[in-house]
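Sequence lines, in order, name chains W and Z. Per the working numbering, residue 12 is the first one in the first sequence, and the count goes up by one each step. Per the working numbering, residue 12 is the first one in the second sequence, and the count goes up by one each step.
Hints are supplied without guarantee of correctness; some may be wrong.
[What the hints assert, rightly or not] From the structure, some residues in chain Z lie toward chain W, with a derived Cβ separation under 7 Å: (1) R93; (2) E96; (3) R123; (4) L317; (5) V320; (6) A322.
If you're looking for bench data, these hints aren't it; they were derived computationally from the structure. Quick reminder that beta carbons are idealized off the backbone N, C-alpha and C, glycines included.
Protein chains: 2
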Amino acid sequence: MKVVCTQSTLSSNLSLVSRAVPSRPTHPILANVLLEADEEKGRLDLTGFDLSLGICTSFSATVIESGTLALPAKLLNDIVSRLPESEITISDKPDPEALEDERATLISASGRFKINQEKNVEEYPEFPPVEASEYLVLPVSALTDGLRGVLFAASTDETKQVLTGVHLTRTEAGLEFAATDSHRLAVVQTPVSEVEERSVETESDPPPSPSREGDRGGGSGGREDFEVTIPARALRELKQMLGSPKESPSIQLKVDEGQVVFDLDTRHLRSQKLEGQYPDYRRLIPQEFSRQISLDRKELLKGLELVAVLADQKNNTVKFSLDSDKQELNLSVETQDVGSAKQSMSAQIVGESIEIAFNIKYLMDGLRALPANEIKMQLNEGDRPVIFTPLGGIKMTYLVMPVQMRD
Amino acid sequence: MKVVCTQSTLSSNLSLVSRAVPSRPTHPILANVLLEADEEKGRLDLTGFDLSLGICTSFSATVIESGTLALPAKLLNDIVSRLPESEITISDKPDPEALEDERATLISASGRFKINQEKNVEEYPEFPPVEASEYLVLPVSALTDGLRGVLFAASTDETKQVLTGVHLTRTEAGLEFAATDSHRLAVVQTPVSEVEERSVETESDPPPSPSREGDRGGGSGGREDFEVTIPARALRELKQMLGSPKESPSIQLKVDEGQVVFDLDTRHLRSQKLEGQYPDYRRLIPQEFSRQISLDRKELLKGLELVAVLADQKNNTVKFSLDSDKQELNLSVETQDVGSAKQSMSAQIVGESIEIAFNIKYLMDGLRALPANEIKMQLNEGDRPVIFTPLGGIKMTYLVMPVQMRD
């Protein structure tokens, strides 16, 4: 194999696929990036894969000789990212100066690297094929909004299995994103008008282009509902991928029995699905409330950040005192060891005065994710779930359970 | 005690003195910042002290009642830095609402904090008085240049005692800064014209102003030589202090038997001196060389950063191959496990070709500190010390010992 490409293209694609390379691989070969050069197509494909999450990109390059090469991801990334902008030649051929040298070479304008290559490149695992007859076309912006609104609420505790994922539901109403770690729940709804459904012509064909012309299948009239839980880790990488420069405003999603695949032009992210029944979270969201407060999100967040200085791991609780007469919200934290903090702000309060306490971290996480500055807090009694919603903009619900107050 | 000041002034002064507050204090009271309010002067003084390093600042404030208060440095800093710009009132008085409450109060526009205060405020150690009859006036810029050029070369190994400091020598030639960890040595010379010497009238008087009018003492004709070794830790904080907005272009330095004090307007940093004989480093610097290379500092640094990707803790060595015929410098790193790297650059070489190896980290540290882009490397044989000097600008010498080459 021998290929020539520019430093900038190689570097950005390498850093993308490297995100799927495990830092502690279960098999040594997974610490590599797979480079596949195709002379006929004039393209170089890069792949990173940890058996659950895989990222693959493809870009045009001058391929002098087709072939496949597996190189240590971290080392290659470290080298390429530090090289100045210039042409880079990568080859698996022995160095002409030393014929018995079996190392791969990387040559730039100012110098030359020899890198010990993985010899058993054929052991690099292949992505299982996706067996889906249809795929969804989603606007990148809707997916970004959904992920930004819920990802933070997924559990980071690996033993919680299905809760370490984000639950996606496709219904007639649109696409819904949900994540919960059992203490709080975040839900974002994307309107149906933004989601399109198309059929895959044949498995072996390349996926049709996301433009209108490619719509030869079920079209937006398709109504096949589905539910899937995708590991938050994979979606964090997807969010990163969506944030980098992109050519297309839409992304394709394919779902089969065991996996999901997101196709964004020449970038592909595949992930195993999380098995198991996702909790019926919709039942947790109260439909009626005895109290409602309109708040300035940034002011509330500022106040919480201030009183949080006194909160600690022993006592991570903030007390909300809603004063209906004064139309005032008081935040307070009280500790034995250090002291106490109190912040006041005006708020529009409908309903009776009440005191209610929360885990301050959960509250701040949710407030940071809410996509509007004017927000609504709705609650019943001090031991019932509370919801926060934005006034206008994206449809999002953040539910948090209160904690018991100490007295 | 009761004092009113603005958030921005309090915050910047607090963060400065907090740098002298130990994270693991040997005595609990040292975890506090000392606040001393003087009604007559209308000033608030803040002090942080770890028994070796002390920082004290003073600023004008509305003092309603004189007094002294010791408050936990980290907590106070965390609170004040997060408060919006507004007036802040600090008081050691019991809260009027709860007379038996002995906590200090901090009141801002939006809220109120109660902080458990240190009761035995009189236990807070006093700075020992400085017994110096003279002091030096240094331009801030000269001190900054000196510290930037040598601080990195001081040892971080606490057992190396005197080598954990920077050695300052005052001679007729000016003020010289030196630091070495026994593997490399950095020396910066400040010209004599920039250093002034004045006498302190009496111990109890405030130090005279650094302006020419205040020069009633020995003047720049004073010729008392001295040597002092100051802990690098204290000088890092001094460098930080010099970098923050300052009113005066010059700083005063007092030295007595046990300590040094730097006075920068209303900010004062004192440090214990390091005891022990500093190595006679001047003897280490060769005066004659058989080879000389002119180099572009940034290009050399870039090249080293690239080949350093392959260097690791086992083999941290870079080989320099000076090719006198080609007028070329080749950098190379060779490892068993990973691969090899080679970078080439043009260089003006006087003298015979040679191969010589260095610890790559030491080399990069020095190149980052050299204050010019055109630099000169001078050497003899491959086992003798090598020096790097800037062409023009500040007078600096960076000496590094080569390492033995592996073959």
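Right, here's what the structure says about each hint:
1. Using the Cβ-Cβ criterion of 7 Å, the hint placing Z:R93 at the interface with chain W is satisfied: the shortest such distance is roughly 5 Å.
2. A distance limit of 7 Å between C-beta atoms decides the matter here; for Z:E96 the minimum to chain W is near 12 Å, and the interface restraint is violated.
3. At about 5 Å, the closest approach between the beta carbon of Z:R123 and any beta carbon in chain W falls short of 7 Å, and the interface hint on this residue holds.
4. For Z:L317, the interface hint holds, since its Cβ comes within 7 Å of a Cβ in chain W; the closest pair sits about 5 Å apart.
5. Contact between Z:V320 and chain W, as hinted, is supported at the beta carbon level, the nearest pair being about 4 Å apart and thus within 7 Å.
6. Interface hint at Z:A322: violated, since its Cβ lies 11 Å from the closest Cβ of chain W, which is beyond the 7 Å cut-off.
Taken one by one, the earlier hints fail for this structure at numbers 2 and 6, listed in ascending order.
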